[in-house]
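For this one, chain A is given, so just place chain B on it according to the hints.
Listed below are the residues making up each chain.
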Amino acid sequence: MAEAEILVFAEQRDGQLERVALELVGKARALAGGSRPVVAALLGSGVEGLAGDLFAAGADEVLLADHPTLKVYRTQPYADVLFPVLKERQPDIVLFGATSLGRDLAPRLAARLGTGLTADCLDLALDPQGLLVQTKPSYGGNVLVHITIPRHRPQMTTVRPRVFPLPPLDRARQGKLVRLSVNLVEDQIPLKVLEVVPRPQPTVRLEDAAVIVAGGRGMGSKENFKLLEELAQVLGGVVGATRPPVDEGWIGPDRQIGQSGKTVAPRLYIACGLSGVVQHTVGMQKADVVVAINKDPNAPIFDLATYGIVGDVKEIVPALTARFKELKAKGA
Amino acid sequence: MRIIVCIKQVPASLDVRVDPKTHNLIREGVESVINPFDENAIEAALELKAKHGASVSLLSMGPPQVREALRKGLAMGADDAYLLCDRALAGADTLATSYTLAQAIRKMGSFDLILCGRHAVDADTGQVGPELAERLNLPQITYVSKIEITGNKVRAERLLEESREVVEAPLPALLTVTKELNTPRYPTALGIMKAAKKPLTVWTAADIGATPEKIGLTGSPTRVTDVFEPPGHRRSEVEMLSGKPEEIAAALAERLQAAKIL
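First to last, the sequence lines map onto chains A and B. Letter by letter, the first sequence follows residues 1 to 332 of our numbering. Letter by letter, the second sequence follows residues 1001 to 1262 of our numbering.
Same shape as in the complex, but just chain A:
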């Protein structure tokens, strides 16, 4: 088993690779070491050009299924293309991003293959026997579990985006492109996609923001969230939140960070009026510099802060905004 390959489903949408595809190729490369092959499966229409990035991220081989019926993701045609590939190649491990697409496709394939699948993993490691140890959250992130798939192959898993870093892209790296034959006929695919409507997104995606100003229940009101907007604006950042403000309707659900929201890794994270429960911190622990502002000196957020400020967010945040504005005006 030790030499068997690690296969990554290289998710793309609208002809763009999802960042998680590269993260997983990088992780697969790290798990595989130098000896085991890392293979990426790339499905879509007119997506051959994306293979280069997969090689650069560490793939030895890219399996390309390029066909008009694969342009917009649908469960059945994607599963029908991948199933025979997995059956024939018998990879040891198959990784998917835990995106809406990955979590729709992976279980369909796991059931067809009769193998085990672990959802939404936060970490992957190999035990001394080479068995994949998958760390997944349970009970809303209150508990973590280790899961293994001892006897069935492949070991399948969906991995949450942003838990592994983007690997360095080595443009000199070469790989083998294998074209898969696709025998799909549109008329035989029962499900039709009638319409795709983009949902309004913040101008800068939380996941891509270098600076995030996040608020929790301690912000107290929708009004007070405006203070965070002002601070974020002067820093060129984006506002995020823990769950309570989202439940209260102070801010949209697309801004939620943590277990049931997004995972972020900005250079600067300013945590305002949030206590730092694990369900939240699991989504921001990879921030470089964390500034915590809370009136409770015992709030757990201070345990992972670089700089801590005990005080009233309604006084501290405007003071920060003012100071940063001053510096900006001086051209700092």
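The set of hints was computed from the structure by calculation and includes no laboratory data. On a predicted model such as this, the values are computed, not experimentally measured, just so you know.
Taking lysine-lysine pairs in the DSS-like style, the calculated list, with each CA pair at most 30 angstroms apart, reads:
1. Lys222/A - Lys1244/B
2. Lys1260/B - Lys295/A
3. Lys1244/B - Lys330/A
4. Lys1146/B - Lys1049/B
5. Lys192/A - Lys1146/B
6. Lys262/A - Lys1260/B
7. Lys1260/B - Lys325/A
8. Lys314/A - Lys1244/B
9. Lys1260/B - Lys328/A
10. Lys226/A - Lys1244/B
11. Lys87/A - Lys1214/B
12. Lys295/A - Lys1244/B
13. Lys1051/B - Lys1179/B
14. Lys325/A - Lys286/A
15. Lys176/A - Lys87/A
16. Lys262/A - Lys1179/B
17. Lys1198/B - Lys1179/B
18. Lys1244/B - Lys325/A
19. Lys1153/B - Lys1051/B
20. Lys1179/B - Lys226/A
21. Lys1260/B - Lys314/A
22. Lys1146/B - Lys222/A
23. Lys1260/B - Lys226/A
24. Lys1049/B - Lys192/A
25. Lys1260/B - Lys286/A
26. Lys1179/B - Lys1146/B
27. Lys1244/B - Lys328/A
28. Lys192/A - Lys1153/B
29. Lys222/A - Lys1179/B
30. Lys71/A - Lys1179/B
31. Lys1146/B - Lys262/A
32. Lys1153/B - Lys71/A
Positioned in the frame of chain A, the structure of chain B alone reads:
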């Protein structure tokens, strides 16, 4: 039309602890409820029933106390319920669960639509729906936020990360639903009285003709090897800044500049 709704009973509070010695979950005294997304699935089925006429069957797997969850669903307005209850089914992962549910559904007879919640809030996998669809060879539509039935087709809106997608599939089909779909009703007093008389069938593994190797822990490829509480994400040492707000702001700005963040 017949609609089957798969439901799971979950703890009312997810605030569980882990016994540091045994690594078992400490769940004593925790009340059980219907998985919230499964209540959305029941509500959707009842709304379709009101609009198009349908019978709504509930299906669940678990220990005897799952009857309470099924009774609540019946009180909301479902017509009948099935509980798969057998020690041999215990410890099932999603693959074994989907096999077991598929066996039961085959025995339950014909149907037009299967509804599931998008995921259960305890295990949080979202895998049973798609795995069940695969086993029954049905089209699947996940993350559904709107459902319309016209003739022999279902049109559904899916809520994805950055888009809404409208898709159409022929019936029968399996849908997994989000909380954006509807607001589940509360059972009425009359509903609760009626529910007591509605049929609730309990089946064992043998009743559904399940192969012993495919059910419960034996039929589960995955193994939980450890359960633990997440380590606090502690950093080396926090530097506390104090003083008047302006002084704190100046001190922080200085440090962020030194760290080349500003």
